[in-house]
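There are 6 protein chains.
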Amino acid sequence: MADTWLTSLITDTPQAGFELAITLSRRGVKYTQPDPAVLKKLRPEYAEDAEALTAASQVIAINFQTIAAANNYWRK
Amino acid sequence: MADTWLTSLITDTPQAGFELAITLSRRGVKYTQPDPAVLKKLRPEYAEDAEALTAASQVIAINFQTIAAANNYWRK
Amino acid sequence: MADTWLTSLITDTPQAGFELAITLSRRGVKYTQPDPAVLKKLRPEYAEDAEALTAASQVIAINFQTIAAANNYWRK
Amino acid sequence: MADTWLTSLITDTPQAGFELAITLSRRGVKYTQPDPAVLKKLRPEYAEDAEALTAASQVIAINFQTIAAANNYWRK
Amino acid sequence: MADTWLTSLITDTPQAGFELAITLSRRGVKYTQPDPAVLKKLRPEYAEDAEALTAASQVIAINFQTIAAANNYWRK
Amino acid sequence: MADTWLTSLITDTPQAGFELAITLSRRGVKYTQPDPAVLKKLRPEYAEDAEALTAASQVIAINFQTIAAANNYWRK
Numbered sequence: 001m002a003d004t005w006l007t008s009l010i011t012d013t014p015q016a017g018f019e020l021a022i023t024l025s026r027r028g029v030k031y032t033q034p035d036p037a038v039l040k041k042l043r044p045e046y047a048e049d050a051e052a053l054t055a056a057s058q059v060i061a062i063n064f065q066t067i068a069a070a071n072n073y074w075r076k
Numbered sequence: 001m002a003d004t005w006l007t008s009l010i011t012d013t014p015q016a017g018f019e020l021a022i023t024l025s026r027r028g029v030k031y032t033q034p035d036p037a038v039l040k041k042l043r044p045e046y047a048e049d050a051e052a053l054t055a056a057s058q059v060i061a062i063n064f065q066t067i068a069a070a071n072n073y074w075r076k
Numbered sequence: 001m002a003d004t005w006l007t008s009l010i011t012d013t014p015q016a017g018f019e020l021a022i023t024l025s026r027r028g029v030k031y032t033q034p035d036p037a038v039l040k041k042l043r044p045e046y047a048e049d050a051e052a053l054t055a056a057s058q059v060i061a062i063n064f065q066t067i068a069a070a071n072n073y074w075r076k
Numbered sequence: 001m002a003d004t005w006l007t008s009l010i011t012d013t014p015q016a017g018f019e020l021a022i023t024l025s026r027r028g029v030k031y032t033q034p035d036p037a038v039l040k041k042l043r044p045e046y047a048e049d050a051e052a053l054t055a056a057s058q059v060i061a062i063n064f065q066t067i068a069a070a071n072n073y074w075r076k
Numbered sequence: 001m002a003d004t005w006l007t008s009l010i011t012d013t014p015q016a017g018f019e020l021a022i023t024l025s026r027r028g029v030k031y032t033q034p035d036p037a038v039l040k041k042l043r044p045e046y047a048e049d050a051e052a053l054t055a056a057s058q059v060i061a062i063n064f065q066t067i068a069a070a071n072n073y074w075r076k
Numbered sequence: 001m002a003d004t005w006l007t008s009l010i011t012d013t014p015q016a017g018f019e020l021a022i023t024l025s026r027r028g029v030k031y032t033q034p035d036p037a038v039l040k041k042l043r044p045e046y047a048e049d050a051e052a053l054t055a056a057s058q059v060i061a062i063n064f065q066t067i068a069a070a071n072n073y074w075r076k
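Residue numbers (our numbering), protein chains in the order written: chain D, 1 to 76; chain B, 1 to 76; chain R, 1 to 76; chain Z, 1 to 76; chain X, 1 to 76; chain U, 1 to 76.
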């Protein structure tokens, strides 16, 4: 991918960090399947499947661990 | 999502931290499938499936790692 | 859940820590499916399934990571 | 379980630590299914299934992370 | 494998680190199945399967944890 | 297992560390299924299955986390 999409892991708030974790999780999918048409076709398939949604939430949780550590857990 | 739902990872007790881990796990699902009607339809499906419950418990465990570290494990 | 079940991650021994990890893993299931009748019905289903037992052991392992770190690995 | 089986995470060598990780992984299964007859019956089922063996290796890897950290990675 | 493909975990940017995590994830597959013809045959199979894409994203997330820690999270 | 196969987690390079992570992952399988004839029979089964290859790569990634931390990420 030629575009720049990730220049820092630092976010202002935990919620912004959680949303960045979602971005990382989706990018992990996109690097493996870059064709937007295929991704669009697959979306309904897993967005209505309980197991797939739990699996998606797990990838977000793993990426959130990384981002939370990077931000020193937003401790004040 | 426009609403603010996560302003801090700090909690008073480990139990409150565990419950926040549950919130993060559910939010991970909601960001992927925001339609409450679909989520409601899926709920009985996985809440009565042993494997799906174990998978849900695993996501909670991963998020609890993050929150426990953020709180320095509530050591006194 | 209104009851208090987790006031500290500190345990006297690694074994007590491992058993606390089991408690956390089961609580993760209970928060998702609070009905004891459903849980009881599901129990034989996964307690006699090799894959489900491995998955349960994995959740325990993840929670044990958290508890072991909290206890500074019970180093003397 | 009334018996004492885990009094320390410290081992002399990384290999002994890896073997302790295997013990933890099996104990995680045993706490969930304590009946040795059932466990014996399930054993051939997963010991000849490639996916189940990979899953078992994963639980060992997670427990080894904990034990390796406890031993400060056996650095000299 | 005789070739040298990994001499450092340090990258200039988080994005380069994420891309290195993808490399590690693919190498993990290649060490297990070194035959490029088999890998090529399998590719369409999982690149159009939602669960497989989530699983691939999870391996990337785990490797990114390692690389992000190695780079001290690219904090300035 | 009577043989000594793991005396240190320290390696000269990240690549040697990654290869050690593969060794750990395979040993995790071997401790569970020590019969080489069974392992040989299972090999083609999972080496041509995309999901199984991703799962194998995940175990390697988890073990690589441990080894990379042991080596302080090969920082100079």
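Hints should not be assumed to be uniformly reliable.
Some chain X residues well away from chain U (every beta-carbon gap over 10 Å; in silico) [stated by the list, open to error]:
1. D12
2. T13
3. E19
4. R27
5. K41
6. A56
7. A70
Covered stretches of chain D (chain B as the covering partner; in silico rule of three or more C-beta atoms under 8 Å from a C-beta of chain B) [said to hold, decoys possible]:
8. 4-11
9. 49-55
10. 58-68
Honestly, the hints are just simulated from the structure, not real lab data.
Heads up, the beta-carbon is just placed ideally off N, CA and C, and yes, glycines get one too.
Practice prompt. Examine each Cβ of chain U, and state whether all of them lie more than 10 Å from the Cβ of A70/X.
Written response: violated (4 Å)
Item to complete: Examine the region 49-55 of chain D for residues whose CB is less than 8 Å from any CB of chain B, and state whether their number is three or more.
Response: That given contact holds, which follows from 6 residues of the region 49-55 of chain D lying within Cβ reach (below 8 Å) of chain B.
Worksheet entry | Outside-interface status for A56/X - nearest CB in chain U farther than 10 Å | violated (6 Å)
Fill in: Non-interface claim for E19/X, where every Cβ of chain U lies beyond 10 Å
holds (15 Å)
Discussion item. According to the definition I'm using, a residue is off the interface if its beta carbon is farther than 10 Å from all beta carbons of the partner; does D12/X meet that for chain U?
Written reply: holds (15 Å)
Discussion item. Using a Cβ cutoff of 8 Å, are there at least 3 residues of the region 58-68 of chain D near chain B, or does the coverage claim fail?
Written reply: holds (count 7)
Discussion item. Verify this label for me: T13/X is non-interface relative to chain U, using a Cβ-Cβ cutoff of 10 Å.
Written reply: At about 17 Å from chain U, T13/X clears the 10 Å cut-off, so the statement holds.
Fill in: No chain U beta carbon within 10 Å of R27/X's
Violated, since 7 Å does not exceed 10 Å.
Discussion item. Does K41/X clear chain U by more than 10 Å, comparing its Cβ with all Cβ atoms of that chain?
Written reply: violated (8 Å)
Worksheet item: Within the region 4-11 of chain D, is the number of residues with a Cβ closer than 8 Å to a Cβ of chain B three or more?
Response: n = 0 at 8 Å, threshold three: violated.
Taken one by one, the earlier hints fail for this structure at numbers 4, 5, 6, 7, 8, listed in ascending order.
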